[in-house]
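K.L.:
So you can see what is in the structure, the chains are spelled out below.
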Amino acid sequence: MSPSESELRASLRAGEGERLDVDTVVAHARAARRDRRRNLAAIGGAVVAVLAVGGVITGIQLSRDDHKTTGAGGPSSTPRVSVSCPGSAPVMPHGNGTGPLFPDDVTSIKVCVYHVQRLSDSKDVTGPTARSYAQQFNGLPTRRGAQVCPQFLTQITVALIPVTPSGPAPTVVGQVGGCGTTSNGTASRDAGQLLAQLEIGASSGHAPIPAAPGHTKNHGPGPS
Amino acid sequence: MRDETAFREFVEANGTTLLHAARLLTGDPQRAEDLVQTALTKLYLRWGRAREPLAYTRRVLVSTHIDSSRRRWWGERSTDVLPEQPADDPALVASDDRDELRRLLGELSPQERAVVVLRYYCDLTEKDTAAALRIPVGTVKSTTARALTRLRVEVLR
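Protein chains in written order, with the working numbering: chain R, 1 to 224; chain U, 1 to 157.
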């Protein structure tokens with residue numbers, strides 16, 4: 001005969017009555033909680049350690065990058081020019097002094113070329129090339145008295161921003177064509193040839209001027 | 001733990017029932033104790049957040065048992081030959097319907113056994129059984145019917 005539902009219940013209840021040791025249960029549960037906290041602490045510690053190591057590595061790399069950027073270093077170092085060209089041609093400053101156009105400790109020159117007041121090209125001249133250009137500009141004879149310049153204006157303006165270890169120096173502005181009058185506001189020179197060399201990006205006695213990043217436009221043979 | 005006294009009282013009040021339910025589920029006293037310990041430890045860690053501690057513990061009990069019964073490549077494996085054979089003691093041989101029911105209960109699948117234990121030992125409704133096992137009520141009904149057929153139990157309607 002098949003058992004009934006009540007017999008099934010009775011069968012399932014048979015043998016019931018053994019009690020649990022509460023202290024043992026609580027002790028095991030406490031141990032589990034302790035283990036879980038320890039594991040969480042270990043995971044948290046590992047995450048913090050990884051972040052700390054990553055931070056240190058990033059800091060070292062940033063420090064190295066800063067050193068490369070700011071360190072004028074030895075004679076072969078070529079510091080990165082961090083100045084940018086104005087959007088429109090700066091006003092030609094007037095100065096009749098006999099002082100130098102460029103500071104002696106120039107490390108780079110930002111060359112900004114403007115066609116009809118609008119920025120058309122820019123280049124960075126760095127290291128020995130920059131110092132050579134600065135010396136050539138400073139070595140030009142100062143204008144004495146009234147001098148008649150041919151009216152051969154090309155409407156090309158070149159702004160030269162000298163960069164020294166202490167920062168940018170006063171901008172030197174020159175007009176290509178005519179006498180090539182160039183001034184930094186305190187002194188002026190007639191530097192038509194040097195301006196033309198810088199404007200076309202090549203010189204017979206110097207290495208070609210490297211183009212600044214982001215400017216790939218090539219110039220023709222020079223002002224017409 | 002903030003309210004360990006309340007947890008102790010809960011274990012005092014329900015530990016016996018839970019342990020017996022675990023025995024019915026596993027058919028093994030040692031595994032039953034481990035199962036209850038696991039369930040109560042999970043409850044201990046959630047104490048104060050579990051809204052219905054007994055229902056939560058039952059749910060953990062059956063789900064842990066069903067999970068552990070699934071065959072895993074790293075888990076226990078059945079063998080053709082039993083490592084230990086019981087002695088032929090007449091006192092240990094099942095002779096009445098009660099022992100026969102227990103034996104048949106051990107032949108049910110883990111889910112069928114869980115349904116039978118929750119419905120006929122813990123006296124849960126079909127709805128509560130479905131909630132504890134996280135299965136539809138219809139599945140509880142069909143599983144119950146199948147299990148009772150295998151247990152050869154006459155269900156009184």
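Bear in mind the hints are in silico, worked out from the structure with no lab data behind them.
Just so it is clear, CB atoms sit at the ideal spot from N, CA and C, and this is done for glycine as well.
Misleading hints may appear alongside valid ones.
[To be verified] Only part of the chain R face toward chain U is listed, based on derived beta-carbon distances under 8 angstroms: (1) LEU20; (2) VAL26; (3) ASN138.
K.L.:
With reference to the structure, classify each hint as holding or not holding.
P.N.:
Hints, verified against the model:
Because the beta carbon of LEU20 of chain R sits about 3 angstroms from the nearest beta carbon in chain U, less than 8 angstroms, this interface hint is met. Below 8 angstroms, beta-carbon pairs count as interface contacts, and VAL26 of chain R has one with chain U at about 7 angstroms; its hint therefore holds. The beta carbon of ASN138 of chain R comes no nearer than 80 angstroms to any beta carbon in chain U, farther than 8 angstroms, and the hint placing it at the interface is violated.
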